[in-house]
Structure formats: C-alpha cells, structure tokens
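Here the protein sequences line up with chains A and B, keeping their order. Using this note's numbering, count along the first sequence one by one with no gaps and you end on 211. Using this note's numbering, count along the second sequence one by one with no gaps and you end on 166.
It should be emphasised that the hints constitute simulated quantities derived from the structure, not laboratory data. Predicted, not measured: the structure shown is a model, and the values here were computed from it. Treat the hints with care, as some may be off.
Said to hold, decoys possible - FRET-style restraints, in silico, Cβ to Cβ:
1. 151(B) - 142(A): 17 to 27 Å
2. 69(B) - 5(A): 50 to 60 Å
3. 7(A) - 116(B): 46 to 56 Å
What the hints assert, rightly or not - Over the 10 Å line for every Cβ pair with chain A, so calculated as not near, a few chain B residues:
4. 54
5. 56
6. 57
7. 75
8. 91
9. 102
10. 105
11. 109
12. 117
13. 121
14. 130
15. 140
16. 141
17. 146
Backbone N, C-alpha and C define an ideal beta-carbon position, used for all residues, glycine too.
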Amino acid sequence: MLGFSELQRDAITEVLNIAIGRAAAALNQMVDDEEVRLSVPCLDFLSRSEATLRLRRETGGAPTVAVKQRFAGPEAGDILLIFPESRSLELVHLMLRNTTPLETMTEMEREALVEVGNVLLNACLGSIANLFRRPIDSSLPVYVEAGGDAILHLGEDAGRTARSEDTVMFVHVEFALAQRDLRGYLACVMDIASAQAFGQHIEDYVRQAIGN
Amino acid sequence: MAVGTVLLVDDSRVSRLMTRSVIARHHPDWEVLEAASGEEALALSTGLAIDFMLVDVNMPGLDGITTATRLKASHPAARITLLTANIQDAVQDKARAAGIGFIGKPITEEKIARFFSMGGAEC
C-alpha cells in the first residue's frame with residue numbers, strides 16, 4: 000500500500016480543492032448561478048473492486064451514468080463525472096432551458112451531458128495543469144452508462160489490463176445543487192505509479208509555492 | 044454592425060446550438076454557419092467571406108488551434124477566437140501567439156454577446 004505523509008495528503012487535498020472549485024464555478028455558470036455545494040475531497044488507496052463498491056454505496060446502488068476522460072502523461076488515469084441516472088436529465092434541462100425547445104432536448108440529452116462533462120472535467124484537469132505549469136493531454140469525453148462496475152472498469156482502452164485487485168488512488172467529491180437536491184460525483188482513478196508521480200508534482204509545487 | 048456571418052466550429056452539437064441561440068437573440072439577422080470538425084470548417088469556409096469564427100479546441104481529427112491558425116491564414120480579416128473547455132495556460136499561450144482570441148467554456152450569454160459587442164476583440 001502506498002502511503003502519503005500527512006503533509007502530502009494535505010497538499011493533494013488542497014490542489015484538488017482548487018481544481019474542483021474551478022469545476023464547481025463552471026457548473027454554477029451553467030445553471031444560472033445556482034449555488035453548488037461541495038464535499039471535502041475523499042482520497043483513498045483501494046483495489047478497483049473496493050473503489051467500485053465505495054462508489055455504489057455513495058450513489059445508493061441506483062443506476063448511474065458517467066462522462067469519462069482519460070488523461071495521459073507522467074500521471075495517467077481517468078477522471079469521471081457521475082450522476083444517478085434518474086437525475087442527470089434535470090441538469091441537462093437546467094443547462095439548456097434558455098436555448099432549446101423541449102422536444103429537441105430529448106434527443107440531445109446524451110450529447111448535452113457529455114458537454115457538461117467536457118466543461119467540468121477540463122476545468123478540473125486544466126487548473127491542475129496550470130498549477131503544475133505543465134500541459135496535460137486528455138482524450139475526448141465519452142458517455143458511460145450502467146452501474147459502478149462498468150463505470151470504474153478502466154484501463155483496457157489504453158492497452159493495459161485493469162485487474163479488479165489492482166490498488167488505485169481513488170479520489171471523489173460529491174457536489175450538489177443546493178436548491179434542487181441534485182447530486183453528482185467527480186471521481187479520479189490513478190494507478191500507483193501515476194499516483195506517485197502526482198504526489199511528486201504536488202511536492203514540487205508546494206516547494207515552489209513556499210520558495211524552497 | 045451590419046449583417047454579419049459567423050462560423051461555429053465544434054464537434055458538440057449542443058455547444059453549437061447554445062452559441063447559435065445567443066447570436067439569434069442578439070443579432071437575429073446574422074448568418075450562422077456550423078462545422079463539426081476542423082476539416083469541415085476549412086472546406087466550408089473556402090471562398091466565403093466570414094466576419095467571426097468561434098473554434099473549439101478538443102475535436103476529433105484536426106485540433107482547434109491548428110484549425111484556427113489555418114482559418115486565420117485564409118481569412119485574415121475575420122475575428123477568430125477559441126471557445127473551449129480546455130482552459131490550460133498552454134492553450135491560451137498558443138492562442139495569444141497566433142493572434143487568436145480565447146473564451147473559456149461554459150458558454151454563457153454574457154461571454155458570447157461580449158465577444159460580438161467588442162467586434163471580436165480578445166476576451
């Protein structure tokens with residue numbers, strides 16, 4: 000099991016807070032300034048199957064949909080925006096309410112959700128890239144339907160085989176539109192080598208920030 | 044401003060729709076052309092006079108920075124901006140170096156309207 004020191008963990012949480020804050024600001028603009036509440040990011044080292052269970056528990060076992068982007072570089076991994084399926088359309092309706100007639104909206108729901116994911120996930124990745132002063136390459140966003148199993152079943156598309164017993168760094172944060180009881184999750188999964196590289200970048204960033 | 048022509052380049056139909064609706068509200072008489080890829084934008088724009096172009100960055104095929112740079116070469120008088128979720132400094136630096144504007148998504152009425160009201164000046 001890979002461990003981070005308390006200071007490293009604190010620094011990681013802080014960087015993620017900045018990144019997720021940027022995503023929340025983007026979401027806030029998309030839904031006409033409704034307040035977006037965020038939980039504290041939760042960081043754990045778990046097996047992929049444990050991460051799947053954790054996600055299923057968080058979402059109450061209800062069917063979920065997700066938008067996923069793979070990022071590459073010294074840290075490779077997946078970043079996901081996850082919603083309970085039953086509520087995802089509400090977000091799409093909120094986003095498009097000023098622009099789209101209701102009958103057109105239905106056929107565009109999936110595309111609209113991918114675009115929500117595109118904006119939020121890139122806000123998150125982009126702010127981390129800007130903090131580290133280093134570009135992060137990422138794939139185009141894809142839509143994933145089904146339960147937590149399929150959503151966190153990762154890795155094959157990068158030519159690696161993801162095994163359920165592999166330990167990963169699993170970070171997730173819950174966000175909610177305060178006035179609507181509409182919740183979603185931002186999650187990030189990295190393998191151990193990537194998590195170590197990420198930790199190193201954070202250390203360098205903190206050292207620079209405090210002028211050491 | 045007189046009647047204008049706008050080219051929207053974005054693989055997301057939803058994004059094109061949202062931008063188009065803002066233009067329709069603020070400039071109902073303008074013509075709006077759409078392309079779902081860089082390649083399509085280059086083909087569609089050939090020989091056409093276009094006043095404004097808004098170009099996404101992360102698209103399948105030709106990326107938005109290459110597309111926008113080529114569009115700028117073929118349409119030097121057009122006001123061109125990136126309109127993208129990719130807010131990385133590296134992307135903004137490239138846009139600046141190429142003389143192209145930058146607008147970060149999400150698309151909002153205010154951002155799009157401001158781009159046109161400033162005559163396409165960098166946002």
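These are the hints, each one checked on the structure:
Checked against the hint of 17 to 27 Å, the pair residue 151(B) and residue 142(A) passes, with Cβ atoms roughly 24 Å apart. For the hinted restraint 50 to 60 Å between residue 69(B) and residue 5(A), the CB-CB distance of approximately 53 Å keeps it satisfied. Checked against the given bound of 46 to 56 Å, the beta carbons of residue 7(A) and residue 116(B), roughly 47 Å apart, stay inside it. With a least CB separation of 8 Å from chain A, residue 54(B) falls inside the 10 Å interface cut-off, contrary to its annotation.
A beta-carbon of chain A comes within 10 Å of the beta-carbon of residue 56(B); the shortest separation is about 6 Å. Not every CB of chain A lies more than 10 Å from the CB of residue 57(B), the least distance being 5 Å, so the non-interface label is violated. The Cβ of residue 75(B) lies farther than 10 Å from every Cβ of chain A, with a closest approach of about 13 Å, so its non-interface assignment holds. With a cut of 10 Å on Cβ distances, residue 91(B) stays outside the contact zone with chain A, its closest approach being about 26 Å.
Against chain A, the non-interface label of residue 102(B) is violated: not every CB pair exceeds 10 Å, the least being about 8 Å. Non-interface call for residue 105(B) relative to chain A: holds, since the shortest CB-CB distance, roughly 13 Å, exceeds 10 Å. Distance check on residue 109(B): its Cβ is at least 15 Å (rounded) from any Cβ of chain A, clearing the 10 Å threshold; non-interface status holds. In this structure residue 117(B) is separated from chain A by more than 10 Å, as the shortest Cβ-Cβ distance comes to about 26 Å.
Once the 10 Å rule is applied to beta carbons, residue 121(B) is consistent with being away from chain A; the minimum gap is 25 Å. Annotated as non-interface, residue 130(B) brings its C-beta within 10 Å of a C-beta of chain A; the closest such distance is 4 Å. Interface exclusion of residue 140(B) from chain A stands, the closest Cβ pair being 14 Å apart, more than 10 Å. Chain A leaves residue 141(B) outside its interface by the beta-carbon criterion, the shortest separation being 16 Å against a cut-off of 10 Å.
Once the 10 Å rule is applied to beta carbons, residue 146(B) is consistent with being away from chain A; the minimum gap is 12 Å.
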